[in-house]
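S.K.: Residue-level listing of the chains:
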Amino acid sequence: MSSGSEHLRLSRAVCSLIAGGCFAVSACGAIGQDQPAVSAVAALETSTVQTPVGPVPGPAQPAPEPHNPYRGRRGAMAEGREMFVRFNCSGCHGGRAGGGMGPSLRDVDWIYGRTDLQVFSSIAEGRAHGMPAWGARLTEDQVWKLVTYVESLRTPEEPDAP
Amino acid sequence: MHWRSVITCAAVLLAAGCGRSGMGAGGTEKAAAASVPGGSPEIRLIADVPRGEWRMPAGDPAGLRYSTLDTINTSNVANLHVVTTFSTGVPHGHEGQPLVFDNTMYVVTPFPNNLIAVDLTKTGGAVKWIYEPHPDPRSVGIACCDVVNRGATFADGKIIYNLLDAHTVAVDARTGQEVWRTTVGNINLGETMTGAPLAIGDKVIVGNSGAELGVRGYVAALDVKTGRELWRAFNTGPDADVKIGPRFHPFYEKDRGQDLGTASWRGEQWKLGGSTVWGWLSYDPETNLFFYGTGNPGVWNPDLRPGDNKWSCAIIARDADSGEARWAFQATAHDAWDYDEIMENILVDMPFAGRPRKLLIHPGRTGFVYVMDRESGELLSAETYEPVNWASRYDLKTGTPFENADKRTHFGTVTEGICPSSTGAKDVTPSAFSPRTGLLYIPAHNTCMNYEGIEANYIAGTPYLGADVKMFPGPGGYQGELVAWDVARAQKVWGAKEPVLPVYSGVLATGGDLVFYGTMDGWFKALDARTGAELWKFHTASGIVGNPITYLGPDGKQYLAIYSGIGGWMGAVAFPELSADDPYAALGVVGAMKDIKKYTAPGSTVYVFGF
Amino acid sequence: MSRRPALLVARLAMCGALAAASSCGGAENMMAPAGPAAERIAHLGWFVLGAFTVASAAMWGLVFWTATRRRGTLTSHMPWNARGDERWITVGGFAIPAVVFAAMFVMMLRTMTAFPMGDHDMPGMAAAVRVTGHQWWWEVEYLDRQVHRAVVTANEVHVPVGQPIDIELRSADVIHSFWVPRLHGKVDLVPGLVTRIRIQANEPGIYPGQCGEFCGAQHAHMAMLVVAEPEAEYAAWLDHARSNAAAPATTTTAAGQQAFMTHQCALCHEIRGTDARGTVGPDLTHFGARRGLAANSQPNTRATLSAWVTHAQALKPFAQMPNLTVLTGEEQQSVVAYLESLQ
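Chains A, B and C are the protein sequences, given in the same order.
Under this note's numbering, the residues of the first sequence are numbered 1 to 162, in order.
Under this note's numbering, the residues of the second sequence are numbered 1001 to 1611, in order.
Under this note's numbering, the residues of the third sequence are numbered 2001 to 2343, in order.
By construction, these hints were calculated from the structure, which means they are not laboratory data.
We treat Cβ as the ideally placed atom computed from N, Cα and C, and that holds for glycine.
Be aware that one or more of the hints could be misleading.
The calculated label-pair distances, taken between Cβ atoms and stated as ranges, are [stated by the list, open to error]: (1) A:69 with C:2174: 41 to 49 Å; (2) B:1537 with C:2174: 38 to 46 Å; (3) C:2262 with B:1232: 27 to 35 Å.
One side of the interface only, derived from the structure: several residues of chain C facing chain B at Cβ under 8 Å [said to hold, decoys possible]: (4) 2110; (5) 2145; (6) 2146; (7) 2147; (8) 2148; (9) 2151; (10) 2195; (11) 2216; (12) 2220; (13) 2277; (14) 2312; (15) 2314; (16) 2317.
Given only the sequences and the hints, what does the whole structure look like? Please build it.
M.R.: Below you can see the structure in the form of structure tokens.
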């Protein structure tokens, strides 16, 4: 009967919708998966780029460097902020990174450089006057998220601004 | 020359000629002067006060910071002028004070903690030698409150002081050669040392810093000749570690019990229990006991460390030979505000409430002046010297404060308008006591705060805080005050207010009835010790957070010396590396000090004043 | 009957069966209470179910009757506002529902106020347990008058059978809700507040619960277990929980502890008796004895634990635990062995 086949088609449609939804939900698990988490120190070692110290001899081209894969992403800024508090960065660098035991990260003076790689390196390798080498413990992914938070300071996107 | 200064000169030469190296051991010392010229006859000193030299941090072991020198006095101080200046070369907080003896001035700089010996017989700050210990630069990153050093002490022919990287060094006072260097603490755990040691007989007592990093606090005794550690008494942990034994008799019930240093903590948190000793030590040669206060308990957020948290925020009396604890008084149980009690404990015998008593006077971070019987540990009086609202008063019968529950801090809530702030109604910068006026001169703050308990995580060598703090000036239109406190009557007599910045320097009282102190915007001031009138001031190049001393030069004239170099916890906001737009930075201090960059910049000068 | 109603009935029966099947899940079946609080709620629930079933049956009966009764022509019927028919509306549509709903409302209020939940209900009550909600796990602290006997664990709440246990609820970040259906209704964990709940289990057993207030990406994987044991076993368990972690006894577990300390595990987790003192993740001192991991979203077996240690984001995306693929296979297995040994 016509009404019966209609019902059947309807049921099939509904079932396939539900099934499709299930797959979509499980696929969602795959979204947000980071790249294989490499130790941050290892990442630096495999990078073949040298951070320029001063004027680079030769044709005037900036040397290519790894870029922050999370640049500008607010989710990463928020995660970076969480880690900033959780791993006690805020204890040394101030509640909103204004300084204290360690220098301010909000100001325009970057002691060790402001490029993505330089900020990454400061966090991962540590610095002489007591900045720990977090790369020995944190993954590259985590360090890039911290870099993203640091780069968001004093911008409108800064999470948890003072 | 005035005949009085002739006699003083002779006394100094006699004392120098005796070649004594500090206080005697064993409590048999009876040669201490019991009074000073013009001093109240009821006030009895337990140890000699400086009469021309300055051999230990407070000048004398009882912590008075008083000198009998009176050539500079109320009638002529207006003529005081700069005689010499020289630079230490380190533009960081110059807490502490120089030592002067044998016509030499000894200056310990902030990190890298160089020791500079200056020949006072020549003009212009002539350097005899500089000892450079090269402490580990990693310690810079774990110093909570600027890379300060609170000074050295002289003992057994050596200048002895602590390095930021938790070592203690002894340097030959004549040659500048290192005699011994002892590793005391471990910077990988966040331990540093910023306090000044105290020499007692054949021992040197030192304490550690780092309660903001979950460091476990202690005092240790080193052999003055070899630097070998003789004993270490912790301030948290089982009774054996704290050296609590059968001779421990706390006055109050709340401080009695077995193994309170573990039983008043959850689990093993006492191992991260703070209670460090970064402030001042004083010593009673008649009973052979030394006294000190302990810092805040580890982790600022109180909900993360339930229990009374002994023995943080406490005043402890210990035997100088064995380190055994004799009594302890915990001023704030289960601290919720970072009210360290490492302040000076001034020891003097004087009448209190009608009868003569052996006093211990402790102007606390909490805003209360604690007057205690230093033999029994009884709290005789606790009155406020600045506006406070965390507690209304103390119950002297039980030794506990009547706290304002609204001002207790908690996880996940912002408690607003707590007075005083974590920096306290005063911080470590020491007061002075004048036996002539009977007044205690307190460098005080009027700062309040908002405090939110947040998540905290312990990672060794990093801060262990769990608090978001924002400070701001308290009510009344001033943030600093030099308070003159009448000890016998337990009340404030006068105060000299500073409108914008706290008073964050040490104080000196002299026989010329003068009180000297410095301000964070660089003024070095002399007030009349009785009336508080400002009699003289001079603007130095940088804010003053150090402690003035006075001494006789080779020419027999009186001089004053003071460091000028802003820094320390509240002063670090003046550094270019700190941003004024984050009120939570520097553990919340930026909120109260954000204008300081207009008033002062970093400096590194030693000023000498005279006629 | 004709074809259409039969189909309708068949579909209704299927829905009913499905509903019954889901609620008969057993472990979280709020209609199968295991404690006095849940019993009260269940009573209310049955009453409401019964009342609505009766009302629904009556209503559907009337619907069928009007749909199937013989009708005449339009002209042969009285106009709609005939005398007597209004009564159907006023009585059946207003009076009876008003009475029934009023009764139900009163019952509901009485049920709600029967549970002490705030400080005003339990003034000065010393809670036995403190549960703090995190995204997305439960921190459980067993309180004690002697503070040094307090102990912190995670994700399982052990209670003695037959005794009321007062639990203090706090949140470290956002609003969560404590919901163990067979024992009690939901009580929220609100940041900045302290709420309370009193649970009691009548029988020994394991009572699973869920976070009952949406709290972020992994709200659905924030389960907890209430484990009810006879008094003596409970006391023994608590005593054991106070002890420090077992020292590693084999080379593998020793290597695992070493890997645990060297990598970032110790930055977030605490294992009492070792140098691992991180407090932002669950306490792992006696992790090996727990029945689930990742807030009971996975069973605590070797396979899932191995996967969790290196690929936590695959099991629970956006959880605070990162993927630790920096661990070599050997390190992973030694860490797993070490964690399993923490009984």
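S.K.: Please go over all the hints and tell whether each is borne out by the structure.
M.R.: Evaluated hints:
{"no.": "1", "hint": "A:69 with C:2174: 41 to 49 Å", "in the structure": "violated (28 Å)"}
{"no.": "2", "hint": "B:1537 with C:2174: 38 to 46 Å", "in the structure": "violated (55 Å)"}
{"no.": "3", "hint": "C:2262 with B:1232: 27 to 35 Å", "in the structure": "holds (29 Å)"}
{"no.": "4", "hint": "2110", "in the structure": "violated (32 Å)"}
{"no.": "5", "hint": "2145", "in the structure": "violated (11 Å)"}
{"no.": "6", "hint": "2146", "in the structure": "holds (7 Å)"}
{"no.": "7", "hint": "2147", "in the structure": "holds (4 Å)"}
{"no.": "8", "hint": "2148", "in the structure": "holds (5 Å)"}
{"no.": "9", "hint": "2151", "in the structure": "holds (7 Å)"}
{"no.": "10", "hint": "2195", "in the structure": "violated (12 Å)"}
{"no.": "11", "hint": "2216", "in the structure": "violated (16 Å)"}
{"no.": "12", "hint": "2220", "in the structure": "violated (23 Å)"}
{"no.": "13", "hint": "2277", "in the structure": "holds (4 Å)"}
{"no.": "14", "hint": "2312", "in the structure": "violated (18 Å)"}
{"no.": "15", "hint": "2314", "in the structure": "violated (25 Å)"}
{"no.": "16", "hint": "2317", "in the structure": "violated (22 Å)"}
Of the numbered hints listed earlier, those contradicted by the structure are 1, 2, 4, 5, 10, 11, 12, 14, 15, 16.
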